[in-house]
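Protein sequence lines correspond, in order, to chains A and B. Mapping of the first sequence onto the UniProt record's numbering: position 313 corresponds to residue 313, and the numbering continues sequentially without gaps. Mapping of the second sequence onto the UniProt record's numbering: position 152 corresponds to residue 152, and the numbering continues sequentially without gaps.
Possibly wrong hints are sitting among the right ones.
Any copy, or any two copies together, can satisfy a pair, since identical chains are not distinguished.
Simulated pairs of lysine to any residue, SDA-like, Cα-Cα distance not exceeding 25 Å [unchecked claim]:
hint: 1; residue 1: Lys-32; residue 2: Lys-193
hint: 2; residue 1: Lys-171; residue 2: Thr-191
hint: 3; residue 1: Lys-183; residue 2: Val-13
hint: 4; residue 1: Lys-60; residue 2: Gly-175
hint: 5; residue 1: Lys-220; residue 2: Tyr-84
hint: 6; residue 1: Lys-126; residue 2: Val-260
hint: 7; residue 1: Lys-189; residue 2: Val-237
hint: 8; residue 1: Lys-71; residue 2: Lys-183
hint: 9; residue 1: Lys-193; residue 2: Gly-46
hint: 10; residue 1: Lys-193; residue 2: Val-45
hint: 11; residue 1: Lys-239; residue 2: Asp-213
hint: 12; residue 1: Lys-220; residue 2: Val-261
hint: 13; residue 1: Lys-151; residue 2: Pro-89
hint: 14; residue 1: Lys-193; residue 2: Glu-319
hint: 15; residue 1: Lys-220; residue 2: Thr-235
hint: 16; residue 1: Lys-171; residue 2: Ala-221
hint: 17; residue 1: Lys-183; residue 2: Asp-262
hint: 18; residue 1: Lys-126; residue 2: Val-266
hint: 19; residue 1: Lys-193; residue 2: Tyr-84
hint: 20; residue 1: Lys-95; residue 2: Phe-122
hint: 21; residue 1: Lys-151; residue 2: Asn-66
hint: 22; residue 1: Lys-32; residue 2: Phe-222
hint: 23; residue 1: Lys-220; residue 2: Met-264
hint: 24; residue 1: Lys-32; residue 2: Ala-221
hint: 25; residue 1: Lys-151; residue 2: Glu-8
hint: 26; residue 1: Lys-220; residue 2: Gly-46
None of these hints come from the bench; they were simulated from the model.
There are 2 protein chains.
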Amino acid sequence: MEVTNRVEPGTNVVIVKNLYVSIDPYQVNRMKSFSSSQSATKNAVGVNPGEGIDAHGVGKVVASGNTEFEKGDLIVGLISWGDYTVVKPGVLLRKFDPLGLPLSYQVGILGFSGLTAYAGLFDICKPKKGEKVFVSAASGSVGNLVGQYAKLFGCYVVGSAGNNEKVALLKEKLGFDDAFNYKEETDLKATLKRYFPDGIDIYFDNVGAEMLDAAVANMKAFGRVAACGVISEYTDVRKRAAPNMLDVVYKRIKIEGFLVVDYMNVYQDFLRTTCDHLRNGEIQALEDISNGVESIPSAFAGLFCGDNIGKKIVQIAQE
Amino acid sequence: MEVTNRVEPGTNVVIVKNLYVSIDPYQVNRMKSFSSSQSATKNAVGVNPGEGIDAHGVGKVVASGNTEFEKGDLIVGLISWGDYTVVKPGVLLRKFDPLGLPLSYQVGILGFSGLTAYAGLFDICKPKKGEKVFVSAASGSVGNLVGQYAKLFGCYVVGSAGNNEKVALLKEKLGFDDAFNYKEETDLKATLKRYFPDGIDIYFDNVGAEMLDAAVANMKAFGRVAACGVISEYTDVRKRAAPNMLDVVYKRIKIEGFLVVDYMNVYQDFLRTTCDHLRNGEIQALEDISNGVESIPSAFAGLFCGDNIGKKIVQIAQE
Numbered sequence: 001m002e003v004t005n006r007v008e009p010g011t012n013v014v015i016v017k018n019l020y021v022s023i024d025p026y027q028v029n030r031m032k033s034f035s036s037s038q039s040a041t042k043n044a045v046g047v048n049p050g051e052g053i054d055a056h057g058v059g060k061v062v063a064s065g066n067t068e069f070e071k072g073d074l075i076v077g078l079i080s081w082g083d084y085t086v087v088k089p090g091v092l093l094r095k096f097d098p099l100g101l102p103l104s105y106q107v108g109i110l111g112f113s114g115l116t117a118y119a120g121l122f123d124i125c126k127p128k129k130g131e132k133v134f135v136s137a138a139s140g141s142v143g144n145l146v147g148q149y150a151k152l153f154g155c156y157v158v159g160s161a162g163n164n165e166k167v168a169l170l171k172e173k174l175g176f177d178d179a180f181n182y183k184e185e186t187d188l189k190a191t192l193k194r195y196f197p198d199g200i201d202i203y204f205d206n207v208g209a210e211m212l213d214a215a216v217a218n219m220k221a222f223g224r225v226a227a228c229g230v231i232s233e234y235t236d237v238r239k240r241a242a243p244n245m246l247d248v249v250y251k252r253i254k255i256e257g258f259l260v261v262d263y264m265n266v267y268q269d270f271l272r273t274t275c276d277h278l279r280n281g282e283i284q285a286l287e288d289i290s291n292g293v294e295s296i297p298s299a300f301a302g303l304f305c306g307d308n309i310g311k312k313i314v315q316i317a318q319e
Numbered sequence: 001m002e003v004t005n006r007v008e009p010g011t012n013v014v015i016v017k018n019l020y021v022s023i024d025p026y027q028v029n030r031m032k033s034f035s036s037s038q039s040a041t042k043n044a045v046g047v048n049p050g051e052g053i054d055a056h057g058v059g060k061v062v063a064s065g066n067t068e069f070e071k072g073d074l075i076v077g078l079i080s081w082g083d084y085t086v087v088k089p090g091v092l093l094r095k096f097d098p099l100g101l102p103l104s105y106q107v108g109i110l111g112f113s114g115l116t117a118y119a120g121l122f123d124i125c126k127p128k129k130g131e132k133v134f135v136s137a138a139s140g141s142v143g144n145l146v147g148q149y150a151k152l153f154g155c156y157v158v159g160s161a162g163n164n165e166k167v168a169l170l171k172e173k174l175g176f177d178d179a180f181n182y183k184e185e186t187d188l189k190a191t192l193k194r195y196f197p198d199g200i201d202i203y204f205d206n207v208g209a210e211m212l213d214a215a216v217a218n219m220k221a222f223g224r225v226a227a228c229g230v231i232s233e234y235t236d237v238r239k240r241a242a243p244n245m246l247d248v249v250y251k252r253i254k255i256e257g258f259l260v261v262d263y264m265n266v267y268q269d270f271l272r273t274t275c276d277h278l279r280n281g282e283i284q285a286l287e288d289i290s291n292g293v294e295s296i297p298s299a300f301a302g303l304f305c306g307d308n309i310g311k312k313i314v315q316i317a318q319e
């Protein structure tokens, strides 16, 4: 397909060649129609059968009727699951400077995944040096960065993941103090007691369900839980498990949900800090990149089986 | 029984004639032996069969070997479920000035019940004028005060209680905007939707279980839950219900447990404010007083059946 500058000036429409698209679990909530999800997902407009799906991604402007963008600009914003995006006025889109780093970083470590980890850890959990941090889905897009930030900050960090390859990577490549394969454990409360004999100060929750229950049971007084996502419950509400509220009361535990969209005010801070860490080799970008627009559906479905290691991204085209 | 000044000076022992004793649900957690409760109740030493039970109460010093107290002093502190208390050194005890108010207020509205309501509402929930507040166990010792403080602060307040007499009292005597009998409702999510068509900003949770689940389902974005107690779960862990963590994430809900012992630094503030409200007739002290030490066991057991209306107190003796 050849795309030329066929956009009328003043229409404000921008045509983007899609390069990288972010593959995120939350999209499944946009596809549901049950009422709780409807009300809960006001922040992410529903996706209906037959409609195109949009997602955070990186692209290059090939035609523009908007004076803010010109052909050749690299942009990050809402693009479609497809080869090109016709971006209408009002849709989130911004130019960026890759700063010498791979373009894919814009949808992972320097994008919403990174900002989610950064804001959730520092703003919601307010760590202190030496505190004990537990991260679930620790080799996922957000979890791996939570662990790396927490280590750099001076915390003791243990992660859980779903296979031994991921566990080895957390310990050997990403510097986690320890990690375990939750699929090999039969009693998560006992497991966490083994890894945190003196209790957990901070639990960064990406999975919900039984792991949340087990973490609350093992928390110290004044423990904090950042409720970032509940991937195990997205596709099976029967997995919900009730944390013991008696523990929440007596141990003064705080469980707080958050969304990255509320933290755009710390984006510049986050970007500067993270770029510095990347340049100094203090933080690793853990990416899992598939190729071609046709790989998007399987990449998306694979999130719910734990197929990905790190941030799942599909590269749609070369720059 | 005659008690005279038989305490040797310098022993620091104080003998107190017990006047009023506070009857509190949390004591049941001190009587349990299962492991979760053991770890959870580090702040309240366990009670073992055969041992005396201590509780917050008001008394009068009849003999003192401690230079800080003398015969005739009114004191508030940990006293025994009995006629007299031998207070050993190191046990919480302080003299107080009743300020012209009933002595019983010291264990209710001007004691830990009042401070719990005050700290939980203002410090944990941080209300804004006009916000919508839901309180469960709203005719209980803490709940009735949460509602009254919230109304005085300028919030819209709805309470739940377990019979129609309590519901009428909340609306007619305590100034709640609305109230309902939860025992007459079959679908608490639908009930709360009816009372809060635009959602709940603050839920002050005294009961846990299904009501917590229903409140979370009906909360607005950035809603706050003060987890004060979970009386429905104290005696039946099967009642635990899991709030939908998807709601917690997407609506950025904060659920926070707290204990009144952490708020002694605001006690003077609280006392001044509450005494002013009492003198101006802006707040009512809702007390449910039984007489005689022999009424303590039934008063305590009655808490778990909802027998009490307001703060449950036993008057052990006349001053």
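Structure-based check of each hint:
1. With identical chains, the CA atoms of Lys-32 and Lys-193 are at most 25 Å apart between copies only, with a shortest distance of 22 Å across copies and 36 Å within one.
2. In this assembly of identical chains, Lys-171 and Thr-191 lie within 25 Å of each other by CA distance solely inside one copy; the values are 17 Å within and 49 Å between copies.
3. Within a single copy, Lys-183 and Val-13 get their C-alpha atoms no closer than 48 Å, and across copies no closer than 58 Å, so neither meets the 25 Å cut-off.
4. In the homo-oligomer, the alpha carbons of Lys-60 and Gly-175 never lie at most 25 Å apart, since the shortest distance is 35 Å inside one protomer and 62 Å across protomers.
5. Proximity of Lys-220 and Tyr-84 under a CA criterion of 25 Å is satisfied in neither setting, with 50 Å inside one chain copy and 37 Å between copies.
6. In the homo-oligomer, the alpha carbons of Lys-126 and Val-260 lie at most 25 Å apart both inside one protomer (16 Å) and across protomers (22 Å), since each shortest distance falls under that limit.
7. With identical chains, the CA atoms of Lys-189 and Val-237 are at most 25 Å apart both within one copy (21 Å) and between copies (17 Å).
8. Taking the shortest Cα distances, Lys-71 and Lys-183 never come within 25 Å of each other, neither inside one copy (49 Å) nor across copies (66 Å).
9. In this homomeric assembly, Lys-193 and Gly-46 come within 25 Å of each other (Cα to Cα) only across copies, at 23 Å, whereas the closest approach inside a single copy is 40 Å.
10. Taking the closest pair of Cα atoms, Lys-193 and Val-45 come within 25 Å of each other only across two copies (23 Å); inside a single copy the shortest separation is 40 Å, beyond that limit.
11. Proximity of Lys-239 and Asp-213 under a CA criterion of 25 Å is satisfied in both settings, with 11 Å inside one chain copy and 15 Å between copies.
12. Only between protomers do Lys-220 and Val-261 lie at most 25 Å apart by alpha-carbon distance; the minimum there is 17 Å, versus 30 Å within a single protomer.
13. Proximity of Lys-151 to Pro-89 under the C-alpha cut-off of 25 Å is found in neither arrangement, the shortest distances being 42 Å within a copy and 45 Å between copies.
14. In this assembly of identical chains, Lys-193 and Glu-319 lie within 25 Å of each other by CA distance neither inside one copy nor across copies; the values are 49 Å within and 51 Å between.
15. Taking the closest pair of Cα atoms, Lys-220 and Thr-235 come within 25 Å of each other only across two copies (24 Å); inside a single copy the shortest separation is 31 Å, beyond that limit.
16. For a Cα distance limit of 25 Å, the shortest separation of Lys-171 from Ala-221 qualifies neither inside one copy, at 27 Å, nor across copies, at 37 Å.
17. Neither within a single protomer nor between protomers do Lys-183 and Asp-262 lie at most 25 Å apart by alpha-carbon distance, with minima of 34 Å and 39 Å respectively.
18. Taking the shortest alpha-carbon separations for Lys-126 and Val-266, both the intra-copy value of 15 Å and the inter-copy value of 23 Å come in at or below 25 Å.
19. Taking the shortest Cα distances, Lys-193 and Tyr-84 never come within 25 Å of each other, neither inside one copy (50 Å) nor across copies (43 Å).
20. Proximity of Lys-95 and Phe-122 under a CA criterion of 25 Å is satisfied in neither setting, with 27 Å inside one chain copy and 44 Å between copies.
21. Proximity of Lys-151 to Asn-66 under the C-alpha cut-off of 25 Å is found in neither arrangement, the shortest distances being 44 Å within a copy and 52 Å between copies.
22. In the homo-oligomer, the alpha carbons of Lys-32 and Phe-222 lie at most 25 Å apart only across protomers (23 Å), although the nearest pairing inside one protomer, at 35 Å, exceeds that limit.
23. Taking identical chains as interchangeable, the C-alpha atoms of Lys-220 and Met-264 lie at most 25 Å apart only when they sit on different chains, with a minimum of 21 Å there against 31 Å within one chain.
24. Within a single copy, Lys-32 and Ala-221 get their C-alpha atoms only as close as 37 Å, which misses the 25 Å cut-off; across copies the closest is 20 Å, which meets it.
25. Proximity of Lys-151 and Glu-8 under a CA criterion of 25 Å is satisfied in neither setting, with 51 Å inside one chain copy and 58 Å between copies.
26. When the C-alpha separation of Lys-220 and Gly-46 is checked against a cutoff of 25 Å, the pair qualifies only between copies, where the shortest distance is 19 Å, while the shortest distance within a copy is 39 Å.
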